[in-house]
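Given chain A, put chain B in place with the hints provided.
Heads up: the sequence lines are chains A and B, in that order. Note that this note's numbering gives residue 8 to position 8 of the first sequence, counting from 1, and the numbers run on in steps of one. In short: position in the second sequence from 1, add 264, done, that's this note's numbering.
Since the hints were derived computationally from the structure, they do not count as laboratory data. You may find that some hints are simply not true.
[To be verified] Below, simulated DSSO-like cross-link-like pairs (lysine-lysine); rule was C-alpha separation at most 27 Å, straight line:
no., chain 1, residue 1, chain 2, residue 2
1, A, LYS177, B, LYS525
2, A, LYS194, B, LYS350
3, B, LYS350, B, LYS337
4, B, LYS296, B, LYS349
5, B, LYS298, B, LYS283
6, B, LYS322, B, LYS296
7, B, LYS349, B, LYS298
8, B, LYS538, A, LYS57
9, A, LYS188, B, LYS340
10, B, LYS525, B, LYS538
11, B, LYS296, A, LYS190
12, A, LYS174, A, LYS6
13, A, LYS229, A, LYS146
14, A, LYS174, B, LYS531
15, B, LYS456, B, LYS298
16, A, LYS129, A, LYS194
17, B, LYS337, B, LYS285
18, B, LYS340, B, LYS285
19, B, LYS487, A, LYS174
20, A, LYS194, B, LYS337
21, B, LYS531, B, LYS487
22, B, LYS538, A, LYS190
23, B, LYS456, A, LYS188
24, A, LYS174, B, LYS538
25, B, LYS283, A, LYS174
26, A, LYS68, A, LYS190
27, A, LYS129, B, LYS456
28, B, LYS525, B, LYS456
29, B, LYS337, A, LYS190
30, A, LYS174, B, LYS340
31, A, LYS174, B, LYS525
32, A, LYS194, B, LYS349
33, A, LYS177, B, LYS298
34, B, LYS298, A, LYS190
[Stated by the list, open to error] Covered stretches of chain B, going by a simulated chain A footprint (3 or more residues, C-beta under 8 Å):
no., segment
35, 325-338
36, 389-398
37, 418-432
Idealized CB from N, CA, C, for every residue including glycine.
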Amino acid sequence: MTVLGKYTHYNTLLHRLDPRTKLLSLIIMVVAILATTKLSVYLFLIVIVFIALITAKIFRNSIINIYKSLVFMGLMLLVFNVVLIKTGTVLFVIGNISVHQNAIMQTVFVWMRLIMLLSLSTLLTATTKPLDLSLGLEKSMEPLKKWHVPVNEIALIISISLRFIPVFATEAQKIMKAQTARGIDFEKGKLNEKMRGIVALLVPLFVSAFQKATDLANAMEVRGYSTTKPRTKYRVLKMNKNDFAFLMLVLLIFITALVLQYAL
Amino acid sequence: MSISINHVSYVYDSETELKWKALDDINVAITKFKMTAIIGKTGCGKTTLMQHLNALLKPTSGEVIIDDFVLTKTSKHHTLKPLRKKVGLVFQFSESQLFEETVFKDIAFGPKNYGATDEETAIKVHQAMQLVGLDESYIHRSCFQLSGGEKRRVAIAGILALDPEILILDEPTAGLDPQGSIEMMQLLLNLKNHHNKTIIVVTHDNDLVYTYFDDVILMDQGKVIAQNNVLDFFEDNQAVVLPQVIQFKQLLLKKGVHISKYARTIKEVLEEIKNDRIR
Numbered sequence: 001m002t003v004l005g006k007y008t009h010y011n012t013l014l015h016r017l018d019p020r021t022k023l024l025s026l027i028i029m030v031v032a033i034l035a036t037t038k039l040s041v042y043l044f045l046i047v048i049v050f051i052a053l054i055t056a057k058i059f060r061n062s063i064i065n066i067y068k069s070l071v072f073m074g075l076m077l078l079v080f081n082v083v084l085i086k087t088g089t090v091l092f093v094i095g096n097i098s099v100h101q102n103a104i105m106q107t108v109f110v111w112m113r114l115i116m117l118l119s120l121s122t123l124l125t126a127t128t129k130p131l132d133l134s135l136g137l138e139k140s141m142e143p144l145k146k147w148h149v150p151v152n153e154i155a156l157i158i159s160i161s162l163r164f165i166p167v168f169a170t171e172a173q174k175i176m177k178a179q180t181a182r183g184i185d186f187e188k189g190k191l192n193e194k195m196r197g198i199v200a201l202l203v204p205l206f207v208s209a210f211q212k213a214t215d216l217a218n219a220m221e222v223r224g225y226s227t228t229k230p231r232t233k234y235r236v237l238k239m240n241k242n243d244f245a246f247l248m249l250v251l252l253i254f255i256t257a258l259v260l261q262y263a264l
Numbered sequence: 265m266s267i268s269i270n271h272v273s274y275v276y277d278s279e280t281e282l283k284w285k286a287l288d289d290i291n292v293a294i295t296k297f298k299m300t301a302i303i304g305k306t307g308c309g310k311t312t313l314m315q316h317l318n319a320l321l322k323p324t325s326g327e328v329i330i331d332d333f334v335l336t337k338t339s340k341h342h343t344l345k346p347l348r349k350k351v352g353l354v355f356q357f358s359e360s361q362l363f364e365e366t367v368f369k370d371i372a373f374g375p376k377n378y379g380a381t382d383e384e385t386a387i388k389v390h391q392a393m394q395l396v397g398l399d400e401s402y403i404h405r406s407c408f409q410l411s412g413g414e415k416r417r418v419a420i421a422g423i424l425a426l427d428p429e430i431l432i433l434d435e436p437t438a439g440l441d442p443q444g445s446i447e448m449m450q451l452l453l454n455l456k457n458h459h460n461k462t463i464i465v466v467t468h469d470n471d472l473v474y475t476y477f478d479d480v481i482l483m484d485q486g487k488v489i490a491q492n493n494v495l496d497f498f499e500d501n502q503a504v505v506l507p508q509v510i511q512f513k514q515l516l517l518k519k520g521v522h523i524s525k526y527a528r529t530i531k532e533v534l535e536e537i538k539n540d541r542i543r
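The shape of chain B in the complex, shown without the other chains:
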């Protein structure tokens, strides 16, 4: 049981003069039950790749395999819906998709579309709200009176209520303050550690990637140019902007203080220094 993308290419507007190859022979395997970050410059194909995982786009050539689903150019329309339930997709600025009068109704939209009964829906909505940290008082509030961060939680809850096995998020921290970003990451960690979800995130923020993620996929101009676990990726790869913690460790190294690669936050770095002193 796995997620793998084999020789996938995708061409936008293939029949016109504007045709543009967004994905070029992508080969990637994503480990389940881990947090994987897809990083790369704007326009490198991250979002296009992400949309393939939930069949919003079908590959122009190649295949996407998610457990026993195989998505190709010729996949039949009616086979896609179960895949969309299995793979939840949260778009960038997902708060813009809210439309119902109350938080409850909006989160209930997804489960109802998949044919859940009212009782099942209510249970799922409550679970999802709990996961994203919205308490009961929010149930009857209007989506449009919430703050940006709260709206985004509602949008994510709307996807979590579908109970997807795999959760994909496009820039979930864009536009959030540092505290909000950290809370978002802790939410994702919780989903991975305690609810057995596979988390795939498209992001620009290397600091968050370094601290919270397991694996990294680096893309450039429609190709995957590197894939590795986070620790080795940032140790080896000099081309990307280094996370602040690594920059800090390098400065320390210049002063003769060696910190192991397992220290991923400033706090952990300080711990190590303290422990060294004690020894």
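Pulled out of the complex, with its shape left as it was, chain A reads as follows:
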């Protein structure tokens, strides 16, 4: 099973980039997507996004599953838009519902936006190790310390939650098996059986989560962890010329998009 946007190890340029570079690039690209409305700009951006996906080697399987999850939502959107939007020329008529050009255009735009936004965030998480990502976030937030934002605490919360996702996934699987052995059919059971199963899964999971949280807090405390004292890092992030070149490229794409939107 491929988890949405799970880190997969390859040695590509995008994998090697500094997490801060990738975070900043993501923000720039998202702004570019949200600030533009022309079809030509979207076509340009979507090509860029696909090139990025291909160079990062995540185009193969995981991303297709993510698109599949969009299909239902996209179809709902199409239905709503066809019924509600009645501007632009009439393209064709089904029964007594007329389908207008703007309804179709609007749907296509939202589709493209969703695909791009999802692809880009997947790109970030699939090419960056969770711990690098939280380290990158922490470093990027460092200037906020001046305004007494608890950057260290936030970074700690992020990295602990990321670290514990696989732990809880394993735990959940184990409890599911244990309850299956007690007669719950999680896959094909009736609805009320599944509901009972979910209770039997969630209660032990929460109990174990609180247990683990207490244990972790104690373990950190006995080793003298404190967020108020300055800490050194085992891993140090360093931007090199690839990062700067990549950022320049992203900026160039951003400017091109804006020019296509407003100047032409």
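Positioned in the frame of chain A, the structure of chain B alone reads:
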């Protein structure tokens, strides 16, 4: 009527680069109405094998035969539930699966899932509690206020309430104190001797295996490398860590005192020495 595992292999994550063969052509027959221990190093496939016996995992190839059930890769989903009732599975640290407000409700969860009426359930819960040595006072207590050992008893009672013919336990003594471990073993012995259960236990504790079990299966790297009755297994097999009683007997032998292989506890060894003196 038997339990046999024929040419079973199991591969985790078979479609990804991480694929890993946990079981490699396993062939084992387990005798019913006995206590069988599956031993071996961490990661040797014991737990994976155990999950096949109750169809939580289906073999990638080969077949698992339990009486008239045949489990293969293509077994249909709806045929598995009766098998799960027949073969009760108690996971490692089984106390973590408790979730209901009271001990009674938690033990009743299993029988209710298999469609028992309220009356039948109540009878089964009481029987199961009696078997694991929890008295009536526990019925309305919260699962989360019990001690670790008591919680584990409740979890085991939750499986016993399904009245399985075959009971499989993964590391039932892990984390228990020596007294708790002995009580656990006596519970299993009682189930075997007085309730006609077949007991299969995954464990690391060779001392307990030597004293309480009938048969041993030794696994290594996804393969079964030895299977024998307990007495012969520990007499012949020098590769495993020997139980303390055997080490003691060997020391005695060096001093010229021969103890028969049937003495399985320190007490029995002492008895033999005493009897020899009298003679």
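Just to be careful, I want the Cα atoms of B:LYS298 and B:LYS283 compared with a cutoff of 27 Å; is the pair within it? violated, 35 Å
Keeping to a limit of 27 Å between CA atoms, is the pair of A:LYS194 and B:LYS337 held or broken? Holds. A:LYS194 to B:LYS337 sits at ~24 Å (cutoff 27 Å).
Are the Cα positions of B:LYS337 and B:LYS285 separated by 27 Å at most? Holds, at about 15 Å.
Hey, A:LYS194 versus B:LYS350, does the alpha-carbon distance stay inside 27 Å? The hint holds at about 22 Å.
Checking C-beta pairs, does the segment 325-338 of chain B have three or more residues closer than 8 Å to chain A? Coverage by chain A is violated here, the residue count being 0 at a Cβ distance below 8 Å.
Do the alpha carbons of B:LYS337 and A:LYS190 lie within 27 Å of each other, as the hint requires? holds, 24 Å
Agreement of A:LYS188 and B:LYS340 with the hint, judged by alpha carbon distance not exceeding 27 Å: holds, 12 Å
Against the 27 Å threshold, does the CA-CA distance of B:LYS296 and B:LYS349 hold or violate the hint? holds, 17 Å
Holds or violated: B:LYS298 and A:LYS190, Cα atoms, limit 27 Å. violated, 37 Å
Can the restraint linking B:LYS349 and B:LYS298 be considered satisfied, given a maximum Cα separation of 27 Å? holds, 19 Å
Check the hint pairing A:LYS68 with A:LYS190 against an upper bound of 27 Å on the C-alpha distance. Given pair A:LYS68, A:LYS190 holds - Cα atoms ~26 Å apart, limit 27 Å.
For a C-alpha distance cap of 27 Å, please report whether A:LYS129 and A:LYS194 respect it. Since the Cα atoms of A:LYS129 and A:LYS194 sit roughly 34 Å apart, the hinted pair is violated (cutoff 27 Å).
Consistency note: the structure conflicts with the earlier hints numbered 1, 5, 8, 11, 14, 16, 21, 22, 23, 24, 27, 31, 34, 35 and 36.
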